[in-house]
Amino acid sequence: MRIDQKRASRRHTLGLLFAAGVMAASSSAPAQAQARQEVRIGYQKYGTLTLLKGRGTLEQRLASRNVTVKWTEFPAGPQLLEGLNVGSVDFGTVGEAPPIFAQAAGANLVYVGNEPPSPGSEAIVVPKDSRLRSVADLKGKKVALNKGSNVHYLLVKALEKAGVDYKDISVVYLPPADARAAFERGAVDAWVIWDPFLAAAEKQISARVLADGKGLVANHQFYLAARPYAEKNGEIIRILLEEIAKVDDWGAKNPKEVAQILAAQTGLDVDVVALAASRYSYGVKPISNEVLEQQQKLADAFAKLKLIPKPIAVKDAQLPAKQLAAQ
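Here our numbering = 1-based position in the sequence shown + 61.
Quick caveat, the hints were computed from the structure, so don't treat them as lab data. Any given hint could be a false lead.
[As the list claims (entries may be wrong)] Here are the computed lysine-lysine pairs in the DSS-like style, where the Cα-Cα straight-line distance is at most 27 Å: (1) Lys371 / Lys222; (2) Lys208 / Lys317; (3) Lys346 / Lys114; (4) Lys293 / Lys218; (5) Lys203 / Lys307; (6) Lys358 / Lys293; (7) Lys203 / Lys222; (8) Lys222 / Lys202; (9) Lys346 / Lys358; (10) Lys264 / Lys203; (11) Lys203 / Lys317; (12) Lys264 / Lys317; (13) Lys202 / Lys189; (14) Lys346 / Lys317; (15) Lys275 / Lys131; (16) Lys222 / Lys189.
[What the hints assert, rightly or not] Label pairs and their calculated CB-CB ranges: (17) Arg246 / Glu296: 47 to 57 Å; (18) Glu296 / Ala243: 43 to 53 Å; (19) Gln357 / Ala242: 28 to 38 Å; (20) Lys293 / Thr133: 16 to 26 Å; (21) Arg194 / Glu292: 20 to 30 Å; (22) Ser349 / Thr129: 53 to 63 Å; (23) Gln357 / Pro289: 20 to 30 Å; (24) Gly276 / Ala364: 20 to 30 Å; (25) Gly276 / Asp332: 24 to 34 Å; (26) Gly117 / Gly328: 13 to 23 Å.
Just so you know, even glycine gets a beta-carbon here, dropped at the ideal spot from N, CA and C.
Throw the hints in and build the complete structure from the sequences for me.
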């Protein structure tokens with residue numbers, strides 16, 4: 062009996078120790094999970110973030126802070142900002158128009174940086190044998206573009222300069238891949254598009270530029286973040302901008318290497334991305350009041366045309382500089 066009692070006592074003690082070990086492991090698991098952080102970045106088929114992804118320097122920088130990077134590609138800015146708004150990405154890059162549409166729709170986002178103007182990186186194109194010779198010739202024609210994208214404002218300003226009312230053309234809303242297909246089969250008369258899709262159309266199907274953004278639009282590339290993420294992770298946002306600045310500096314000095322990386326990342330031919338890269342501008346900067354004022358002009362134009370449901374104040378989406386200060 063004593064032996065059985067000792068064995069039972071021993072089993073009881075071992076059981077308690079095992080249970081304690083399980084509890085300890087369980088309690089430490091959340092701590093380990095919390096220690097590891099992930100930043101989710103939305104990018105498009107071109108631009109500085111594509112270079113940053115290709116070089117892998119951001120992952121190296123954040124590894125020491127136990128932060129991993131998850132990259133998600135989007136076909137255009139509006140889709141990227143929708144992802145940011147619903148919480149599937151934390152940070153991303155788009156053109157000038159998408160943030161206007163997103164803010165008007167109630168997206169909780171903030172501007173955190175921008176690249177210099179790049180007006181030659183977007184254009185209105187027509188088939189090489191088209192009879193259309195000027196923007197004025199677009200009156201009564203079908204024009205394809207991605208709704209809410211940067212080129213939306215280019216079309217507005219180009220028509221304004223040519224004296225054509227926006228209502229006098231038929232706008233066909235299509236994402237880049239579908240728009241190109243429609244363009245090639247003649248279902249639309251013109252296409253408003255940005256690089257590298259613009260460069261691909263020029264190189265691959267000899268699309269002819271009717272007008273680009275020079276003298277009409279600035280065409281900034283913006284970096285935005287979900288407001289809740291930016292407010293809690295100012296240091297990570299600051300590091301992102303620092304690494305983007307480094308890639309910008311490198312890219313401006315190494316055009317051939319840029320083309321090679323972009324070709325590998327996008328699957329496009331080197332000559333296509335080389336043309337696109339030649340029109341790109343480097344040098345990320347913090348958001349300034351001047352740039353926000355330019356954005357407000359876009360917002361006011363879209364509101365006037367009733368392309369957005371209500372007027373907005375762009376400055377409401379500005380992140381206070383102090384939140385990006387070193388921690």
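Hints, one by one, checked against the model:
1. Lys371 / Lys222: Measuring from Cα to Cα gives roughly 25 Å; hence the hint holds.
2. Lys208 / Lys317: violated (33 Å)
3. Lys346 / Lys114: Holds - the C-alpha atoms of lysine 114 and lysine 346 are around 19 Å apart, at most 27 Å.
4. Lys293 / Lys218: Answer violated: lysine 293 to lysine 218 is near 38 Å, above 27 Å.
5. Lys203 / Lys307: Between lysine 203 and lysine 307 the Cα gap is close to 42 Å, so the pair fails against 27 Å, i.e. violated.
6. Lys358 / Lys293: Violated, at roughly 30 Å.
7. Lys203 / Lys222: The hint holds at about 19 Å.
8. Lys222 / Lys202: Between lysine 222 and lysine 202 the Cα gap is close to 17 Å, so the pair holds against 27 Å.
9. Lys346 / Lys358: holds (20 Å)
10. Lys264 / Lys203: holds (23 Å)
11. Lys203 / Lys317: violated (37 Å)
12. Lys264 / Lys317: Given pair lysine 264, lysine 317 holds - Cα atoms ~18 Å apart, limit 27 Å.
13. Lys202 / Lys189: holds (16 Å)
14. Lys346 / Lys317: holds (24 Å)
15. Lys275 / Lys131: violated (35 Å)
16. Lys222 / Lys189: holds (23 Å)
17. Arg246 / Glu296: 47 to 57 Å: holds (50 Å)
18. Glu296 / Ala243: 43 to 53 Å: The hinted range 43 to 53 Å holds for glutamate 296 and alanine 243, with Cβ atoms some 45 Å apart.
19. Gln357 / Ala242: 28 to 38 Å: Given a distance of about 35 Å, which is inside 28 to 38 Å, the answer is holds.
20. Lys293 / Thr133: 16 to 26 Å: Holds: the Cβ-Cβ distance is about 20 Å, inside 16 to 26 Å.
21. Arg194 / Glu292: 20 to 30 Å: violated (51 Å)
22. Ser349 / Thr129: 53 to 63 Å: Given about 32 Å between the Cβ atoms, the range is violated.
23. Gln357 / Pro289: 20 to 30 Å: The hinted range 20 to 30 Å holds for glutamine 357 and proline 289, with Cβ atoms some 24 Å apart.
24. Gly276 / Ala364: 20 to 30 Å: holds (24 Å)
25. Gly276 / Asp332: 24 to 34 Å: Between glycine 276 and aspartate 332, where Cβ atoms are some 27 Å apart, the hint holds.
26. Gly117 / Gly328: 13 to 23 Å: 18 Å Cβ-Cβ, so the 13 to 23 Å window holds.
The structure is inconsistent with the numbered hints 2, 4, 5, 6, 11, 15, 21, 22, although it conforms to all the rest.
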